[in-house]
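Going down the list, the protein sequences come from chains X and L.
So the first sequence is numbered by the numbering used here: it starts at 6 and just counts up by one.
So the second sequence is numbered by the numbering used here: it starts at 6 and just counts up by one.
Do not rely on the hints blindly, as some may be mistaken.
No more than 30 Å apart at the CA atoms, straight line, and that leaves these computed lysine-lysine pairs for DSS-like [said to hold, decoys possible]:
id	chain 1	residue 1	chain 2	residue 2
1	X	Lys-87	L	Lys-61
2	L	Lys-82	L	Lys-12
3	L	Lys-82	X	Lys-32
4	L	Lys-70	X	Lys-61
5	L	Lys-70	L	Lys-82
6	X	Lys-32	L	Lys-32
7	X	Lys-82	L	Lys-32
8	X	Lys-12	L	Lys-61
9	X	Lys-61	L	Lys-82
10	X	Lys-61	L	Lys-61
11	X	Lys-70	L	Lys-32
12	L	Lys-70	X	Lys-20
In short, the hints are calculated from the structure, not lab data.
Number of protein chains: 2
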Amino acid sequence: MVSEMIKVNEYFDGKVKSLAANNAQGKATAGVIAPGSYEFGTDTIEIMNIVWGELKAQLPGQAWKTYQRGESFRVEKGERFKVEATDFMAYVCEYL
Amino acid sequence: MVSEMIKVNEYFDGKVKSLAANNAQGKATAGVIAPGSYEFGTDTIEIMNIVWGELKAQLPGQAWKTYQRGESFRVEKGERFKVEATDFMAYVCEYL
Numbered sequence: 006m007v008s009e010m011i012k013v014n015e016y017f018d019g020k021v022k023s024l025a026a027n028n029a030q031g032k033a034t035a036g037v038i039a040p041g042s043y044e045f046g047t048d049t050i051e052i053m054n055i056v057w058g059e060l061k062a063q064l065p066g067q068a069w070k071t072y073q074r075g076e077s078f079r080v081e082k083g084e085r086f087k088v089e090a091t092d093f094m095a096y097v098c099e100y101l
Numbered sequence: 006m007v008s009e010m011i012k013v014n015e016y017f018d019g020k021v022k023s024l025a026a027n028n029a030q031g032k033a034t035a036g037v038i039a040p041g042s043y044e045f046g047t048d049t050i051e052i053m054n055i056v057w058g059e060l061k062a063q064l065p066g067q068a069w070k071t072y073q074r075g076e077s078f079r080v081e082k083g084e085r086f087k088v089e090a091t092d093f094m095a096y097v098c099e100y101l
């Protein structure tokens, strides 16, 4: 069923929700993050694109940096990274 | 509860799913569209931003046009518009 091909995921007690799908370019999730601090881990290389609002992120071995709408960051496979949202924001994460 | 502040919506038998939230800039939804043809109606002015994949759209009184990732289109309040997705895609819709 096509409708099952958009998978709804919820994390951190519903404070992060995402919609996952695949297209010709690969797998991606479109998600929304509520205000708060979170830590994520990667199973593949991830490209996080900020598509609404902004997000502070501390990538492995780097200082905290605020990413604005239109900006993106890359996290290598098998890494953990921290993020902090001061307001609701949306992202598109691409899995390479 | 903050987690309820990210509302999951489903349309067209789950072939369009979206996550709705508000932030300082206003209300927006991050959504994913499965392949297919759909018609939407607006209750406010909407800015549709293509954030992953692409989307064909026929805006009121205009020819069909394909909008690529990074492009956006505006639909006035109280209008109907048609879209067609040939592959899964994601958008951020801002409500003005």
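Structure-based check of all given hints:
1. Lys-87(X) / Lys-61(L): 36 Å, violated
2. Lys-82(L) / Lys-12(L): Distance of about 22 Å is within 30 Å: holds.
3. Lys-82(L) / Lys-32(X): 33 Å, violated
4. Lys-70(L) / Lys-61(X): Since the Cα atoms of Lys-70(L) and Lys-61(X) sit roughly 35 Å apart, the hinted pair is violated (cutoff 30 Å).
5. Lys-70(L) / Lys-82(L): 20 Å, holds
6. Lys-32(X) / Lys-32(L): This hinted pair holds, its Cα atoms lying about 26 Å apart.
7. Lys-82(X) / Lys-32(L): At roughly 33 Å apart (the allowed maximum being 30 Å), Lys-32(L) and Lys-82(X) break the hint.
8. Lys-12(X) / Lys-61(L): At roughly 23 Å apart (the allowed maximum being 30 Å), Lys-61(L) and Lys-12(X) satisfy the hint.
9. Lys-61(X) / Lys-82(L): Violated - the C-alpha atoms of Lys-82(L) and Lys-61(X) are around 34 Å apart, more than 30 Å.
10. Lys-61(X) / Lys-61(L): 33 Å, violated
11. Lys-70(X) / Lys-32(L): OK: Lys-70(X) and Lys-32(L) at ~25 Å, within 30 Å.
12. Lys-70(L) / Lys-20(X): Not satisfied, since the Cα-Cα distance of roughly 36 Å exceeds 30 Å.
Violation of the numbered hints given earlier is confined to hints 1, 3, 4, 7, 9, 10, 12; the remaining hints are satisfied by the structure.
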